[in-house]
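A.B. asks: Sequence:
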Amino acid sequence: MTGVPEGGEALEFHTPEGERAKWPVRPVSERQSPGSAFQVRELRCGDGSVVLQKRLVGLQPRGAAKALSLLEAEIRVLLRLIRVFAHQEYPHAFVRLVGFDFDVSEPFLLAEPPAAPPVSARIGRMTAEERHRFLVELFSAARLLECAWVVHGGLSPETVCWDPSASRVQITDFASGRLAGEQRLPPPDRQWAAPGPLRAPGPAELRDDLFSAAQVAYNAVTAAPIRAGGPPANLSLHAHLHALPAAAFHPDPAQRPGPMQILNALGAPDPWTGGLDAYNPLTAGHERFRSVMERKRNTNVSGSPPRPRTHPSGGPDARP
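If you're matching positions, the sequence shown starts at 0 in numbering that gives the first Met the number 0 and goes up one per residue.
Careful: at least some of the hints might be erroneous.
Lysine to any residue pairs mimicking SDA-like chemistry, simulated, CA-CA at most 20 Å apart [unchecked claim]: (1) LYS65 - ALA222; (2) LYS21 - VAL49; (3) LYS21 - SER104; (4) LYS21 - SER48; (5) LYS65 - SER48; (6) LYS65 - GLY228; (7) LYS21 - ARG40; (8) LYS21 - VAL97.
What the hints contain is simulated information worked out from the structure, not anything from laboratory work.
It should be emphasised that the depicted structure is a prediction, and the values quoted were computed from it without experimental measurement.
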C-alpha cells in the first residue's frame, strides 16, 4: 500500500492469516445500520481498491456485550468460510473477510464490497435463461454453506446479490450467521425466515437457509409475493420452478430437501470439490482472533459478551 491519501487515515487490523496490517485508506461514504450500533463505511485504499468497514460506534455499557458478541460471531463465520475453502479458490458466492480489530475503542471488521446489486433490483425482469442460471447459482451457494456447516440466517432479496452479465450470485451480510447447532439469532427480516426461527430460539438448522433460499427463488423468478412462513399457493403453476418442490417450504427442516436435490433437478453439478486440507495455513489467524477476544473480555469492565462455545474455526467439520 502507498502513503496515506489526503483526508485519509492509516488503518491497522489483523488479517485472516493472523498477521498485522496497516493500510492507508480514505472514507468515501458511511451509513448507520438501522436499529443497531453498527456503522458501515466505504473505504478507498491506497492502491485504489475499496473495502467495507463495519464498526461499532457510540457503544453504551448496557448494550456493549450484545453488540460485541454479534460482531465476534460474524467474524467467526467469515473466518470459517475462509478455512473451509482454503484448499480451493474462495467461492465468488460469498463476500470475503479482509480483516478485523477488537483492540480499539470502535471494534470493526473489513470485508470486500458486494460484487453486484441485490437481486431485488432484477425481480420481474429476468429472462428464462437468466431465471435458470439464478436458481443454479442460488442453490449452489446454499450447498456451499451446507458444506461449511454455516447457517446464514438472513437470506433475502437484499442479502442475495445477482450479476446477470456474469451469471453469479453472491451472499452478503453474515450478521445473523451461525455455525450449525449454535444458538440462532432472531431473523433480521421475518418474512423470509423459516418457521423455526420465527417461533422460538433454538439451534441453527442448515435447512433453515434452504427455506429462505426457496422464498427468494420464488419471489425473484415469478415477481409474485411470498407467503411468510409457508409455501406459495400457486407454486405448481410456474413451470420454470419445476425443480423447487413444495417440500422446500415444509415447517419441519428434516422434511425439506437438501440443496443437492434441487441442483440435481436443475441438471447442475455439485459445487463442493472436496474436504479440508490436512494443513491449514490460517491456523495462526484463528489463534490470533481467539487471543484478541480473550483480552477484550478480560479488560471489558462494563460487561463482557458470553464466552463463545467454539473456537473461531470450530463447530462441526465441513462435510459434503
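A.B. asks: So, for every hint listed, does it hold in this structure?
C.D. replies: Now the hints, each set against the structure:
The straight-line distance between the Cα atoms of LYS65 and ALA222 is roughly 37 Å, outside the 20 Å bound, and the hint therefore fails. With a C-alpha separation of about 15 Å, the suggested pair LYS21 and VAL49 falls inside the 20 Å cut-off, and the hint holds. Straight-line distance between C-alpha atoms of LYS21 and SER104 comes to about 17 Å, which keeps the hinted pair within the 20 Å bound. Under the criterion of a C-alpha separation no larger than 20 Å, the hint pairing LYS21 with SER48 is consistent with the structure, at around 15 Å.
For a cut-off of 20 Å, the pair hint linking LYS65 to SER48 is broken: about 32 Å separates their Cα positions. For the given pair, LYS65 sits about 27 Å from GLY228 by alpha-carbon distance, which is inconsistent with the 20 Å threshold. The hinted pair formed by LYS21 and ARG40 meets the criterion: a straight-line CA distance of about 17 Å does not exceed 20 Å. This hinted pair checks out: LYS21 and VAL97 have alpha carbons roughly 12 Å apart, not beyond 20 Å.
The structure shown violates the earlier hints numbered 1, 5 and 6.
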